[in-house]
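Could you put together the complete structure from these sequences and hints?
Protein chains: 2
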Amino acid sequence: MQHDDEIISKFFNPKTVAVIGASTDVNSPGYVTFKNFVDNIKNDVFRGKVYPVNIKGEELLGYKIYRSILDIPESVDLAVVIIPARFVPDVMEQIGKKGTQAVVIISAGFSEIGNVELEKRVISIAKKYGIRIIGPNGLGVLDSYSGVDTLFLPEKKRTKDNRELVGTPRPKPGYISFLTQSGAFGIAVLDYMAGEGIGLRRFVSYGNKADIDEIDMLEYLSKDEKTRVILIYSETIKRGREFVEIAKKVSVVKPIIILKSGRTEAGARAAASHTAAIAGSDVIYDVAFKQAGVLRAEDMEHMFDMAKALIFQRPLRGKNIAILTDGGGAGVMATDAAEMMGLNIIKLPEETYNKFEELKKEGVLPKFATNVNPVDLTGSASTEMFEIAADVLLRDPHIDGLVVIALHHVPMLDDTITDRFINLMKKYNKPIVACDIGSQEYACYLRDSFDEVGIPAYPTPERAVRAMHALATYGEYLKQRGFLDEYIKRWKPPE
Amino acid sequence: MQHDDEIISKFFNPKTVAVIGASTDVNSPGYVTFKNFVDNIKNDVFRGKVYPVNIKGEELLGYKIYRSILDIPESVDLAVVIIPARFVPDVMEQIGKKGTQAVVIISAGFSEIGNVELEKRVISIAKKYGIRIIGPNGLGVLDSYSGVDTLFLPEKKRTKDNRELVGTPRPKPGYISFLTQSGAFGIAVLDYMAGEGIGLRRFVSYGNKADIDEIDMLEYLSKDEKTRVILIYSETIKRGREFVEIAKKVSVVKPIIILKSGRTEAGARAAASHTAAIAGSDVIYDVAFKQAGVLRAEDMEHMFDMAKALIFQRPLRGKNIAILTDGGGAGVMATDAAEMMGLNIIKLPEETYNKFEELKKEGVLPKFATNVNPVDLTGSASTEMFEIAADVLLRDPHIDGLVVIALHHVPMLDDTITDRFINLMKKYNKPIVACDIGSQEYACYLRDSFDEVGIPAYPTPERAVRAMHALATYGEYLKQRGFLDEYIKRWKPPE
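Those protein sequence lines, which keep their order, are chains U and G. Position 79 of the first sequence, counting from 1, maps to 79 under the working numbering, and the rest follow consecutively. Position 55 of the second sequence, counting from 1, maps to 55 under the working numbering, and the rest follow consecutively.
Calculated directly from the structure, the hints in this document are not laboratory data. If you're wondering where the values come from, they're calculated on a predicted model, not measured in any experiment. Just to be clear, a hint being listed does not mean it is correct.
Any copy will do: because identical chains look the same in the list, a pair fits if it lies in one copy or spans two.
Quick list of in silico lysine-lysine cross-link-like pairs, DSBU-like style, CA-CA up to 30 Å [claimed, not checked]:
1) K127 - K427
2) K226 - K355
3) K172 - K160
4) K120 - K367
5) K98 - K248
6) K172 - K360
7) K360 - K160
8) K360 - K120
9) K367 - K56
10) K426 - K98
11) K248 - K42
12) K64 - K427
13) K238 - K367
14) K492 - K160
15) K360 - K35
16) K479 - K127
17) K98 - K290
18) K430 - K160
19) K427 - K160
20) K426 - K160
Given below as structure tokens:
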């Protein structure tokens, strides 16, 4: 039997894949999944080979259909199973005899609808052959780099007036690995990521988690360099104690963010409509996550707001934040949000305060700029003033991080601001997050430009502050565990 | 002296406008503002006449420049003043002599930078002549229907590689009137609205609020049919007691939503960096808003999520909500959010429960659909099943409102769902809000389609529930005041 890591790596980097249930019916999941591989081979994304397996049919998209995985003339690294549940045990025996050890079972109809015995049979066959399973009743795997894509939903969807719109997009390659218990929510998240321009490393939808679960994946992904942050959507965590132990190890290496639903009694009831729900157990989860250094997200947006910050910025050393803005109102909102989350919008130290007084007197900054914290450059702000003011703030050793609210509507603010701030980030090596409000062209363009240079940008002051708060919380945890200095020393922005 | 309402109406529907400070310098605010009117005349949006006034220049965009408002050969309904602050008193005298009673003062340089005396002089001149002022130090007025647009920021903004992007968009005509103390935030909000496709009725940025403030505007807009909801951004409310009194009157006619910042001590300090801040007074505001039936928004997004619901759906009669979903995870998230906000995700009454059992037995709904609340149709859901299940839920007299989570990734769900749900809405006259997750083409298209038929749609379960919660809170307030039945009877969806 191979070492677990070696087997799990076959899910993401198989040289040969068998799609069992690959079908000539273009509307079937088996067709879509097989075609994903074929397309990714054509586009030179997937560098392995793929074989269709089906009890019917001769040819699929130019590939010969095999009756059984046993008929494939070479060894198979990964089997993707998309056949009715009742046939899965037999097919698992064949997979076992073939020596394939990584199996994605897409098929539904197991414990989630009460067929517990069937699932147990599948697992016991897997154990016999040393097979690891992702699934059943999940969407399987998407690896944006290697081109493994077992998602059975086609990318396009038709409207009633017969237009084809992108319905199930695949995000661009990136640094987030996402593990999800819910397939439907997983797909929705991919849709969100693609639309928001957030990159994906690996996506795993393990459905019933009959075998591989968050614990296996955490361990495996902790060693994956391209994964800079691990996101988990979960409704129940089966092996609680082990989860905390593994998470504790991983969380000092890279951030883990969890969106755990079923927080309220009614939510927990909804999450476990068949099995018995442990109502009110959310506090226990909360404590466990805190112990393990796992950051908890309020909702999907929060999860990605945190993730973006944690990928592109190092954690904070303390909780003292400065806010720099060209809009007074937005500065007040950011201050409110920061205070409510427990960040300190410190009174500026005398030296820094006086420096601002000087700059105002010299006419370098607007005479009526406010140099308490937030520093409000007002509508007279120019890009250069932003740079000068940020330099003064970042230089101050009492300030741990900077929230820049650059509302682009101000006439003298232009898009050279991103280059200026990337220089400041390099100069001071302190975390910076940005905000511009608006949903039209220029606002989107400016936020994207910030994102591109590695300064995560958000569409509201509150969300920018919330991202900074994640950097502070993670930094605090690492400090407690004695890992902060090492982490920051090791930390490099993604290439 | 004319009645106040008549004067205030001149801000929004002037027959003649003088732009005092209209300038030939294309980069000047006076030029942009004058050009707004000229463009809107050309495009047949503004149906009145506009006159440029300046001490210099002969002609501007084909219009003769007048030296003084007094030289204009007809009466002037509205004067827009964009000249250095120190000249404003003299110009005000001329405006008064002309008999113009509506004046927008864009000019900055008054009490906001300590020039309290100058502002007082302007106000005393206004009083003498019976003039009402919007400003100074604000952006003035934007009326999406009449074409009054005093915003001095050009629509387009240039990037460093010389592309022209929409930087300060004007939203399409709609039903929201928005009052803002912060000009910068006001503009940012317009940008958000335009990008999100949210329509605007009237926008008022009154800056220092030297004269017209939220109280005047609330009273005036309460009688404006096109205004279906009034949004306010505020940092300080000067006439607190009067505000509560007026708001109490208006809030039983149409919803008022406030985003009041300066909630924390540090935020209040930031909001009032010159004047003395009353720290910790936020609780008082909170109580006052509740008394007055003013809904309080957490942030900008929340403000508009509520507004969209309150425009297109009537308030709830109670707090019992049903959730219908094709994604279990999203259903759990919605349930959690609802419980935390104080909505009831009730156990389905026996009759309704049994009806679902029947439909499942008959094969009309998926065998493994969950018919507790949330009702989860699973990934096997079709559009028709959504319609059938929603009908069962809405028919139940114990259910006050329905949250529909229609994740479009499910293969058998299509865009005819919006037509089906508009029929259900008409049939049962109960509030419905929708959710689809994703940021790519189909998700945006489906949400827009829901919005178009008057079912407000949101990109996360939590935001959909929050919108429903606003309908419940407003309904509860109206019920307390004894206005709910009348309000619902009178209520009609916008045309």
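Going through the hints against the structure:
no.	hint	verdict
1	K127 - K427	neither (54 Å within a copy, 56 Å between copies)
2	K226 - K355	neither (42 Å within a copy, 51 Å between copies)
3	K172 - K160	both (28 Å within a copy, 26 Å between copies)
4	K120 - K367	between (74 Å within a copy, 22 Å between copies)
5	K98 - K248	neither (37 Å within a copy, 76 Å between copies)
6	K172 - K360	neither (45 Å within a copy, 40 Å between copies)
7	K360 - K160	between (61 Å within a copy, 28 Å between copies)
8	K360 - K120	between (73 Å within a copy, 27 Å between copies)
9	K367 - K56	between (80 Å within a copy, 28 Å between copies)
10	K426 - K98	neither (53 Å within a copy, 60 Å between copies)
11	K248 - K42	neither (42 Å within a copy, 66 Å between copies)
12	K64 - K427	neither (59 Å within a copy, 54 Å between copies)
13	K238 - K367	between (61 Å within a copy, 26 Å between copies)
14	K492 - K160	between (48 Å within a copy, 29 Å between copies)
15	K360 - K35	neither (64 Å within a copy, 34 Å between copies)
16	K479 - K127	neither (41 Å within a copy, 62 Å between copies)
17	K98 - K290	neither (44 Å within a copy, 69 Å between copies)
18	K430 - K160	between (51 Å within a copy, 27 Å between copies)
19	K427 - K160	between (55 Å within a copy, 24 Å between copies)
20	K426 - K160	between (52 Å within a copy, 22 Å between copies)
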